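Convert by adding 92 to the 1-based position in the sequence shown; the result is the number in the working numbering.
Per label pair, the in silico range of CB-to-CB distance:
1) 237 to 270: 33 to 39 Å
2) 329 to 234: 32 to 38 Å
3) 257 to 155: 36 to 42 Å
4) 234 to 170: 37 to 43 Å
5) 334 to 305: 19 to 25 Å
6) 334 to 254: 39 to 45 Å
7) 254 to 140: 25 to 31 Å
8) 274 to 178: 25 to 31 Å
9) 277 to 140: 48 to 54 Å
10) 155 to 334: 14 to 20 Å
11) 226 to 254: 28 to 34 Å
12) 253 to 127: 32 to 38 Å
For the record, the hints were derived by calculation from the structure and aren't laboratory data. Since the structure is predicted, the reported quantities are computational estimates derived from the model, not experimental observations. Backbone N, C-alpha and C fix where the C-beta goes; we use that ideal spot for every residue, glycine too.
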Amino acid sequence: MATFYQWQASRDCESIIPRAVLIRRIMNLMDADIDIVEVPIPNQSEEFHKVLVNRLAALPRLEIDDKKFRSSRQIWDYLLSKIKSEGLKSRLMLSDPATGVIIRQWCNDSFINTLIYARWKRDENFARFAEGIQSKKKVEPKSLDALRQRVLAYLDRTSMGDVEESKFREILREQLGALVTQLGDKDYFQANAKAPTLTDLYVFMIVQGLMSPDLAEECEVLQRKFPTLVRWYKDMDTLTQKDAPGSFNTQLFNVNELKR
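Working from the sequences, and respecting the hints, build out all of it.
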């Protein structure tokens with residue numbers, strides 16, 4: 093059994109940290125059994141800041157076969173190494189063409205900061221987001237504020253740190269428009285893909301956050317101006333659930349081929 097340690101969920105997202113969403117959906121696609129442990133935001137104490145910093149560094153984390161992984165790429169590669177079927181492996185490896193590498197790197201280094209800005213920096217969005225965290229498990233306000241300050245300190249080290257809100261809206265629309273152009277009339281972000289790829293999952297982890305009603309303005313813009321991306325997102329959400337309709341995962345990936 094694999095054990096996945098992540099920050100706690102919020103009302104509308106599987107984790108308050110997007111990369112945990114990516115890893116969980118990878119495991120879903122591979123139909124791998126996983127025990128999910130939600131690690132809460134620590135409460136105030138003399139050791140609070142030390143515990144908070146340690147958790148920020150350690151999460152998310154997957155433990156499987158006495159090994160520990162934090163990188164989604166490491167997890168992906170490890171699971172690939174355990175698959176004996178060349179047919180299954182070739183389907184998964186479709187996520188490796190050059191276009192996929194570029195999109196994944198952009199999501200990981202840039203697009204993710206757009207979500208962080210919308211979720212953690214915009215006061216009205218953060219207030220709704222914080223309520224959603226509280227609805228799952230009570231968190232001391234001082235603890236949540238301390239986490240927010242850590243997240244914003246990270247954001248300040250990026251190009252999004254000093255962006256004004258009007259410029260942020262422009263950047264968001266440009267990024268969503270670029271994704272629609274890249275997707276075109278395809279079902280997935282990579283040509284000839286017959287199922288979600290790792291590239292789709294990288295885009296999905298950000299779009300899931302932007303689709304949350306907590307981010308009222310961003311969600312409204314996405315749904316009103318970019319229906320193609322919304323259609324793709326809803327299909328991805330359905331197909332990468334743990335129990336996808338029509339046993340999608342089982343049809344695509346024979347669980348007996350995952351030899352641990």
